[in-house]
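Those sequence lines, one after another, are chains V and Z. When you read off a place in the first sequence, starting at 1, and then add 8, the result is the number in our numbering. Note that our numbering gives residue 41 to position 60 of the second sequence, counting from 1, and the numbers run on in steps of one.
Each hint should be verified, as a subset may be incorrect.
Stated by the list, open to error - Just a few of them, taken from the derived set where beta-carbon distance is under 10 Å, the chain Z residues facing chain V:
1. A94
2. V98
3. M100
4. R102
5. L106
6. P112
7. L113
8. M115
9. H189
10. R190
11. G191
Stated by the list, open to error - Quick list of in silico lysine to any residue cross-link-like pairs, SDA-like style, CA-CA up to 25 Å:
12. K91/V - K394/Z
13. K112/V - L216/Z
14. K112/V - P133/V
15. K91/V - A325/Z
16. K112/V - P112/Z
17. K91/V - P116/Z
18. K394/Z - A325/Z
19. K91/V - T82/Z
20. K91/V - L106/Z
21. K112/V - T82/Z
22. K91/V - M115/Z
23. K114/V - R108/Z
24. K190/V - E229/V
25. K162/V - I92/Z
26. K91/V - A412/Z
27. K114/V - L106/Z
28. K91/V - Q104/Z
29. K91/V - T86/Z
30. K114/V - R179/Z
31. K91/V - V107/Z
32. K162/V - E93/Z
33. K114/V - G270/Z
34. K91/V - G146/V
Calculated from the structure, these hints are not laboratory results. No residue lacks a Cβ here, since even glycine has one placed at the ideal position from N, Cα and C.
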Amino acid sequence: MIQVRNLSKLFGETPAVREVSFHVGAGELLVLVGSSGSGKTTTLKMINRLVEPTSGSVSIEGQDAQSVPGHTLRRRIGYVFQKIGLFPHMTVEQNVAVPLSLRKWKPERIRARVQQVLQLVELDPALSSRYPAELSGGQQQRVGVARALSSEPKLMLLDEPFGALDPLTRDRLQQSFLEIRKRLGLTAIFVTHDMSEALVLADRIAVMNHGRLVQIGTPGELLTSPADDYVDRLLDTPRRQARAFDELAAGARR
Amino acid sequence: MSEQLALLPGYLNAHLQLTLLALLLGVLISVPLGVLVARVRWLEQPVLGLASVIQTVPSLALLAIMVPLLAAASMPSIGFLPAFIGLVLYSVLPILRNTVTGLGTVDPALIEAARGVGMTRGQRLVRVELPLAMPVIIAGIRTATVWTVGMATLSTPVGATSLGNYIFSGLQTRNLSAILVGCVAAAGLALALDTLVRLVAVGLERRHRGILGAALAALALLYLYTGGTAARELLQGQHARIVVGAKTFTEQYILSDIIAGQIGHETGRRTEVAQSLGSTVAIDALRAGDIDVYVDYTGTIWATLMHRDSSSTTNRSEILGAVTRFLQQRYGVFVVGALGFENAYALAMRRKQAERLGITRISDLARYAPTLSIGGDYEFFGRPEWRALRTKYGLKFAKQRSMDSSLMYQALKQGNVDVISAYSTDGRIAAMDLVVLDDDRGAIPPYDALILASARLEHRDPAVIDALKKLVDKIDGNTMRRMNFAVDGGGQSPRAVANRFLEGLWSKK
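Okay, chain V solo, but in the shape it has when bound:
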């Protein structure tokens, strides 16, 4: 589905991403993990050319991403933003409809699709005439996901979409997302700095550090054979949490 080859990005003299290569199969969910400044978001943005690569290539379904204008490419790919990025002067309905109106769909078809996709993300239809500022953070990001899904993309890119939400809301959104993904058979690349989130969601995890891809593999492979200290440290937190939880649970049973 997606083939990334030797992708690099220099901001001025500073390399942000160095020679990153990986592929994502159809229907697969790849999670890019790394601490801030590791180059994971830049890598993600180079896939739909929000950031133009300095060198290297991206091909999507066998087609070079550079062979079409950037805006055409981006219309085919759903994108969920870290800062949600809903347009404050548009209602929920209008926000979700933006990608459809850019594709010049007819109004009645747009209306039907918007209702459908709001249902898919489990958002109360009564909210569709509200403005983003009138919604909670979780509701806003559901709208963000709905907007990314509205034009039925095969590929979704998500940039720390649930990072700013409280743990309960985040968990609920993660579960809905997994469900939607399965139902639609979406291919997705998901960026997070939270290894626990990565372990829960990923088919495969790609770990980035200082602009390089240090390891890529299934959650199981990472847990059993971390490639280096950095990957191991990233895994420490979820391991400790799991151990603590187990001990507490055992204590409670006794």
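Please arrange chain Z on chain V, whose structure you already have, making use of the hints.
Structure of chain Z alone, referenced to chain V:
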């Protein structure tokens, strides 16, 4: 007051035309320019800098400078155009600056989101950036609206009708109710337009379709109305109208109304008065055909255009003949004839002071001048007559002050100055018990009032010329003085005084 109010629809409509059309063009220039500047960063300094420089030019000067600039480009330099261009230039800065600022404050995350969903640059601008910058842009348009309405009152001296006609003529003719009507109407108009634009902003902000729709509809109606009247005037043809010019003092207002009334009565032609023109603006406008007829004085043309002084001759008929030939040959201006009175520059003093000092002639004044102060109108101290007076009599005053001619008499009466540059037909000379000093060494040329007509009028409108000829020798010095004083001292309007004169003239036949 009711007489002033009768003028309101005409003035208000002209004022609306000027401001609304100038604002429209201002927005059409500034918003795209602002978008360009927000995109092409290096343009920001030069473009905003230039707009700021234009803003620092005093508004009256900005309008006045359009007259010679347009004349040099052989475009209509008097009337709507110079005022319109000046107003457009003035409206650019606030709108431009706010457009740049408004676009600059759009959250970068939203711009990225717009790119992320696949918008092109143009779609981003129209769907996201401009709507989000709109409140700031509208604030700029509001500032421009209030400025433009206010500044449009200054377009009277360049020959465009506006509410400023009330203020300028009211100041000259000491008509407080005219000034009041002008100020209140201008302030009311500024407030009303500002409110409409504000309601557009409120409607957008609260997403209230009703408010937004009503405000936009009201603005659209105003534009349709003024656009309609402007188009109608254009179709009827400015040429079909005869434009009568008037300089900036009472006598000129009365005479322009007399001329306009006479033309209307005799030929049925439509006339328009371009009021409060500067002295040199008037003759240039006549030469260029921007106005068709006005009254000027032989001495003024003799001194300021022909650069002659009193050393050659001071003979009235000789000068009249020379001036007529000069105007015809050099300016292509037709001298219809003399009205029958002289309005000379003269030096005047309070009678009591003159008697105490024993001054009756200007040569008597020379001795006391170093202890006295003199007041003159804006032109006087720059005119050749003043140079001639100084050299012939060796006048040296302790202080010299220029002021508005309508305030000059007040200043003399209150003792702020001792001598003023009066006009010999001024009714206030008698009313205020002033004495006019005898020009015993003949420094000041004669000032016969002449009706001057443009070449176009002379060749294409013989009926109008004939109508004007009926005014020749019909106004003597006393009549003019009486009429001037009826306005300056009696509080009547120039038009009422002119009408009374015309009724007398027509009934004699």
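Evaluated hints:
1. Using the Cβ-Cβ criterion of 10 Å, the hint placing A94/Z at the interface with chain V is satisfied: the shortest such distance is roughly 3 Å.
2. Given hint, V98/Z at the interface with chain V, holds; its Cβ is 5 Å from that chain's nearest Cβ, closer than 10 Å.
3. A distance limit of 10 Å between C-beta atoms decides the matter here; for M100/Z the minimum to chain V is near 6 Å, and the interface restraint holds.
4. Taken as an interface hint, R102/Z checks out: its beta carbon lies about 9 Å from the nearest beta carbon of chain V, inside 10 Å.
5. A distance limit of 10 Å between C-beta atoms decides the matter here; for L106/Z the minimum to chain V is near 13 Å, and the interface restraint is violated.
6. Annotation: P112/Z was flagged as interfacial toward chain V, and the flag holds, the nearest CB pair being 5 Å apart, inside 10 Å.
7. Checking L113/Z against chain V by beta carbon gives a least distance of about 6 Å; that is within 10 Å, so the hint holds.
8. Residue-level restraint check for M115/Z holds (minimum Cβ-Cβ distance to chain V is 8 Å; threshold 10 Å).
9. The restraint placing H189/Z at the interface with chain V is violated, with a minimum CB-CB distance near 13 Å, outside the 10 Å limit.
10. The interface hint given for R190/Z is violated, since its Cβ lies 13 Å from the closest Cβ of chain V, which is over the 10 Å cut-off.
11. For G191/Z, the interface hint is violated, the least distance from its beta-carbon to any beta-carbon of chain V being 17 Å, above 10 Å.
12. Straight-line distance between C-alpha atoms of K91/V and K394/Z comes to about 75 Å, which puts the hinted pair past the 25 Å bound.
13. Distance hint between K112/V and L216/Z is unfulfilled; the C-alpha atoms sit about 44 Å from each other, more than 25 Å.
14. A threshold of 25 Å between alpha carbons decides the hint, and for K112/V with P133/V the separation of about 23 Å falls inside it, so the pair holds.
15. Only pairs whose Cα atoms come within 25 Å are accepted, and K91/V paired with A325/Z is rejected, the gap being roughly 80 Å.
16. Taken as a hint, the K112/V and P112/Z pair is honoured in the structure, with Cα atoms around 20 Å apart against an allowance of 25 Å.
17. Our distance criterion of 25 Å between C-alpha atoms is met by K91/V and P116/Z, whose separation comes to about 23 Å.
18. For the given pair, K394/Z sits about 21 Å from A325/Z by alpha-carbon distance, which is consistent with the 25 Å threshold.
19. With a C-alpha separation of about 23 Å, the suggested pair K91/V and T82/Z falls inside the 25 Å cut-off, and the hint holds.
20. Annotation: proposed proximity of K91/V to L106/Z holds, straight-line Cα distance about 20 Å (limit 25 Å).
21. At roughly 32 Å between alpha-carbon atoms, K112/V and T82/Z are farther apart than 25 Å, so this suggested pair is violated.
22. Taking the CA atoms of K91/V and M115/Z, the gap is about 23 Å. The hint holds against a cut of 25 Å.
23. About 18 Å separates the Cα atoms of K114/V and R108/Z, which keeps this hinted pair within 25 Å; it holds.
24. In summary, the hint linking K190/V to E229/V is supported, as the alpha carbons are separated by about 22 Å, within the 25 Å threshold.
25. For the suggested pair K162/V and I92/Z, the alpha carbons sit about 24 Å apart, so the restraint of at most 25 Å is met.
26. At most 25 Å may separate the alpha-carbon atoms for a hinted pair to count; K91/V and A412/Z exceed this at roughly 80 Å.
27. Under the criterion of a C-alpha separation no larger than 25 Å, the hint pairing K114/V with L106/Z is consistent with the structure, at around 22 Å.
28. Proposed proximity of K91/V and Q104/Z is supported: the alpha carbons are some 21 Å apart, at most 25 Å.
29. Pair hint K91/V plus T86/Z holds up; C-alpha atoms about 17 Å apart against a cutoff of 25 Å.
30. Taking the CA atoms of K114/V and R179/Z, the gap is about 35 Å. The hint is violated against a cut of 25 Å.
31. With a C-alpha separation of about 22 Å, the suggested pair K91/V and V107/Z falls inside the 25 Å cut-off, and the hint holds.
32. For the hint linking K162/V to E93/Z, the alpha-carbon distance of about 21 Å falls within 25 Å, and the restraint holds.
33. The hinted pair formed by K114/V and G270/Z fails the criterion: a straight-line CA distance of about 59 Å is larger than 25 Å.
34. With a C-alpha separation of about 12 Å, the suggested pairing of K91/V with G146/V holds against the 25 Å cut-off.
Violated hints, in rising order: 5, 9, 10, 11, 12, 13, 15, 21, 26, 30, 33; the structure is consistent with all others.
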